[in-house]
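S.K.: Position chain A relative to chain D; hints supplied.
As a plain string of letters, each chain reads:
Number of protein chains: 2
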Amino acid sequence: MVSATAIILGAAVLALVWAAIQFLAISKIPVKSNEGGEADETTGLTSEGGDADATTERLLEIYTAIYEGAESFLKAEYTVCFWFVLVFSAIVLILVSWGTGWDWVRGAFTMVSFVLGAGTSIVSGYLGMKVAVYSNVRTTVSAQKSGWTACFNTAFRAGAVMGFALCGLGILMLYLTMLVYRTHYPQPEEWIYLTECLTGYGLGGSSIAMFGRVGGGIYTKAADVGADLVGKVVHGIPEDDPRNPATIADNVGDNVGDVAGMGSDLFGSFAESTCAALVIGSSVGVSDGWDAMVFPIIVSGVGVAVCLVCSFLATDILPVRKEEHVETALKVQLISTTLLMIPAIFLTAFGFLPTQFALKAVVGETELTIAPWMAASCVIMGTVGGLIIGLITEYFTSHSYRPVREVADACKTGPATNMIYGIALGYKSVIIPVVVLALVIYGSFRLCDMYGVALAAIGFLSNLATGLTIDVYGPVCDNAGGIAEMAELDPAVREKTDALDAAGNTTAAIGKGFAIGSAALVSLALFGAFVTRIRHSSDDALFSDGVNMLEPLTFAFLIIGGMIPFAFAAMTMKSVGFAAMMMVMEVQRQFDERPHLLDANPTERPDYDACIKISTEASLKEMLPPGAMVILTPLLTGILFGVNALSGLLVGALIAAVQLAISMSNSGGAWDNAKKYIEKASPDSDLKGKGSDIHKAAVVGDTVGDPFKDTSGPALNIVMKLMAVLSLVFADTFYAINNGGGLFHMA
Amino acid sequence: MVSATAIILGAAVLALVWAAIQFLAISKIPVKSNEGGEADETTGLTSEGGDADATTERLLEIYTAIYEGAESFLKAEYTVCFWFVLVFSAIVLILVSWGTGWDWVRGAFTMVSFVLGAGTSIVSGYLGMKVAVYSNVRTTVSAQKSGWTACFNTAFRAGAVMGFALCGLGILMLYLTMLVYRTHYPQPEEWIYLTECLTGYGLGGSSIAMFGRVGGGIYTKAADVGADLVGKVVHGIPEDDPRNPATIADNVGDNVGDVAGMGSDLFGSFAESTCAALVIGSSVGVSDGWDAMVFPIIVSGVGVAVCLVCSFLATDILPVRKEEHVETALKVQLISTTLLMIPAIFLTAFGFLPTQFALKAVVGETELTIAPWMAASCVIMGTVGGLIIGLITEYFTSHSYRPVREVADACKTGPATNMIYGIALGYKSVIIPVVVLALVIYGSFRLCDMYGVALAAIGFLSNLATGLTIDVYGPVCDNAGGIAEMAELDPAVREKTDALDAAGNTTAAIGKGFAIGSAALVSLALFGAFVTRIRHSSDDALFSDGVNMLEPLTFAFLIIGGMIPFAFAAMTMKSVGFAAMMMVMEVQRQFDERPHLLDANPTERPDYDACIKISTEASLKEMLPPGAMVILTPLLTGILFGVNALSGLLVGALIAAVQLAISMSNSGGAWDNAKKYIEKASPDSDLKGKGSDIHKAAVVGDTVGDPFKDTSGPALNIVMKLMAVLSLVFADTFYAINNGGGLFHMA
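Protein sequence lines, in the order shown, are assigned to chains D and A. Using this note's numbering, read the first sequence as starting at 4 and increasing by one per residue. Using this note's numbering, read the second sequence as starting at 4 and increasing by one per residue.
Careful: at least some of the hints might be erroneous.
[To be verified] Derived PhoX-like pairs (lysine-lysine); straight-line CA-CA distance at most 20 Å:
{"id": "1", "chain 1": "D", "residue 1": "Lys334", "chain 2": "D", "residue 2": "Lys148"}
{"id": "2", "chain 1": "D", "residue 1": "Lys699", "chain 2": "A", "residue 2": "Lys624"}
{"id": "3", "chain 1": "A", "residue 1": "Lys699", "chain 2": "D", "residue 2": "Lys415"}
{"id": "4", "chain 1": "A", "residue 1": "Lys624", "chain 2": "A", "residue 2": "Lys78"}
Quick caveat, the hints were computed from the structure, so don't treat them as lab data.
Bound-form chain D, shown alone:
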């Protein structure tokens, strides 16, 4: 039989090679306005205009502007991250070493993992941005050709580059680190230390994800909201109109927020769920060897292969030939990968897990006996649960179903009823996902204790490569449309990219459902690992009967924990609102000073860079306070008030964050699609269509929804995960302070 190492490294390399192949396919498309297609009557911008060359030049110009904007933002953002990593790795080194009785090796290994996790996250985000920018313009060009296959495939392949590269890189770095650490910890009894040091990898990934999601989220939405407010409301020009000074910033935002930020987020989830499963399952290694212990990583490796096979369905076996095929193709990806994962997981479990193995329960003295079918079932519960949550999310955010149509109807009586209906929709959409999560938690917890919860989280993310592909596909299409508009191509091109984007919007919402659900499971698993660590460190003095919520300190921190997501959402939303208002003022200033910018065929371009600068500066400044809150709260709680307080904090935050994240993402998605639904309506229908008062009311909802769905909502994932992984990494340190009582001796 093949060894685990062969499979894991093989899968990682396969993923990277596949990403390279997809990239090659994209790179074959020249950035050149298409002359043979149905859309070659492009309107030139300058007086020489009218010919394809001028358009090509314009395309290149826009491409360069977006590329440079994204590059300069990411550089600035990653500079901040660099300093953060530098300072925080010193903190990790010192606190972990001190917490383990000055075991410098564990401190250093944890620090190295942290740096590697952070580095991989940065590379993933940067790579994603590059690929996306590279592919946007090529998608636009492909959309000039007749038929849907070419442009869909281009955007889909762009997603695949990101999806597979990230998975490959994540698995590769994680596993290589493990192999290196194993040379220092060769004995199975020591692997518990190995896996503990590895948790730094999750912490690094999630820290960068926090900054990426928040910084990128503020950037993209400040630009988007700003462009919307000015363009649509104040001057009646579309958001991607080249005369709108915020338009390049808006398109840059799609790449740095929706691609780079989201990539870092999901990389973080992957890293953390793997670390949680490894820490909890490290005792498996003692009894049954390395290959059994690394079962969670094998699942991820197998997932890559499954996703690769299924991706042929979209690009080759059932290619997209009509507009209606687009959404189906993406949905087929999600469903087919989930279905194919089921037998794959069973085979993996029976192949690599011993026929039975023992695990100690997180609470009490019970020893569980686990068979492969039990572990496989936990993984599958996660995979299937993810799909169900995804499909429910689709029901609540796609305008093919009643909820979004009700929101659209509510626009008839103005923006206020639109808001009320949209918020109510978000709150209501929480019900089924939470029940599904509760079922997955209960089922996996009962079957395999905390190890089961961690496996379920792995299961949620097992088709990550596909999830990421689809997630990246959306912003690429969005940007392709923006470029078409800015380059003043034939409106038919824009219509095509809009149709591609609409499907992407819904599937992006599905992706968010996945991300939030997996984050909840990951956080619970990390919390379980934290409790196990503390129990172990305290020789069963703490938490051996579980975590009592009627401990005064724990209860007090339960409600404080529940407050954190609200405070976080408040900070991030206000940052977006504030930056958007600055953007509006800047744009207005430009129009006031140079009114001819608004001419039908202006001879001068607006100052795009000023808007890019506002977004960049605002997001870098505004990402720090919420980031600091999320990192410092668990750290200070653990240090000052001890582990009982920290337990309450983590669980409270988890409970509130799940609900708020789901509701915010879905409200935002629903508003966006309600607006699109109204735009599609004819002026004679009862929804009156584009430009009507009903449409204006819908735009208000969409604008409010922007920070909901792309800044605060998805960043709440990271809030729960990051707080939990941080607690796990510093578990020994917290216990070392007055036996878990904190500096205030609260235990």
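M.R.: What follows is chain A alone, placed relative to chain D:
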């Protein structure tokens, strides 16, 4: 020394007498348009017009219309409540009797308490509505006089009638019930059963409060939002303009929702906190007698006396002579009662509690020794905590401070940024109240275990009479303004009532802060009592080491519990949105069919009754699903899944409800006051004032805020309390089902 019974009954009678005196003072004001005041140039409505008689007639006409609308709604609502009480008292009788091994006495006593609690709540609500309607028009008349003292005092006295009558009635009924039950349970050892049967009183109070808050809340906001949308947005007439068909329904709503509903809510809190304290402290009776056991009720009695004394500050010692005095007068009430309560509580504790007494901790085997100062400190923590939360609420909702002004500024860039800022404000406003609550919980829990938490809840509500006075004052002024507008009195009258109302808005927000904070403590105390009951019933087999949140079922239900408040908010918000849209359509129909209704001096009145009917029917229909959810969820969870699941559900709901309730109430209050702030701005200022686009953006926020602050937000209080008290009442029943494992044998 006086006996506890003398003090309690004395205080209750005093409160009732004082309410009667205040009522007499109001009734001396004749409903007659004032000819001597500065505002006697009233504009007559009909062609005979111009004289005071026509105005008087008009005043009486409006008064009658509002009175009849309110009366008919409450009758309809209480008919639903009657059937609910009938059916549910049978359920209480049977389930409690069965759960206690067919102890029919306990079943019957619990049922009688339930009926009495429900009855008292209905009487309180009805009485409040009567007094408010009676006083509204008299406040309008008083506002015609020169000076501020008369009109302020009239509105304040109306509040006092409700405040003192409700407190008096609540204490009287509760205590008399106890005295009657004592004849059956004369031995101190049996008092535990006595107090348990008494919990039905809290359940009854809270059930009616649920329907009152939700039904009344939907009624008032459907009418308000409907009137706003049509009046301000569609036709440009003010919301209280007599030509607006929804205007009477809007004014009826103030009385049935903001007065009757809120009265029932706070009565419920009072009843539940007292019941929780009595159940937890019942063992005190065994060692130290009846007077020590009823200490919590004595505190409430003393509170009445303190509130009575302080009320002279507002009406006589420092009467309101200028506009600026209004807000100060109300704030002085809150602060003075809190300060005076501190020595009063100490005296009561040292007077009635033994120098030390023992209490068993809710978790573990610890026996706590409690001294009077400790009990007094818990009560005081509650009282002071309530004041701090109130003042923070004021900071976030009054336009004297930065947060609301920022929201007003955000209106400059349209309704979307207004929404983003307002929601962010609400989320942010959660931070300090939650920290204060956590401190109160930790402090009181550490000092006196769960008994301390219950005492803190009592402390929160100790100046309930004053809180209610101020809460009722607001809608009375609001209605007085509406009447002035509808009767077309001099605009100066409206300006005066508006100024009175603005202060009332802020203090109403303070009152909501109180209500939410106390609800959180009450729920925790009730949960503690529930755990104690189960522990006792199971002979320490369950919960003796606390409630472990890492029990799979408990954790699964923690996140389900966290979902309940969101689902509840979704249902109630959507109900308001739906009913408001129906209202808009009805109004539009009237205007379309009879366009001359919009003439400057119409000869015909719109069909007010049609709008009243829509609000009534919508609210009665729409209050049932959320009410059923809140009642059935804990009941079915306990019956099907057992007590571990139920524990998770209660705590999860508590954590999420606190945050959501505070944020929704404060967002709503802030939007309302941001709108008022913009209305006060002059057209030359940067906020542009009434009628501008900035104002229109503010109106959108205000409209969204209506269901936030007056329907969903405050009703979330009741969600947590009702779920907790229901679990406590049926604790024995749940344990009786498979030893707390539920029908599904989950334990």
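S.K.: Checking against the hints above, which ones are violated?
M.R.: Hints 1, 2 are the ones this structure does not satisfy, whereas the remaining hints hold.
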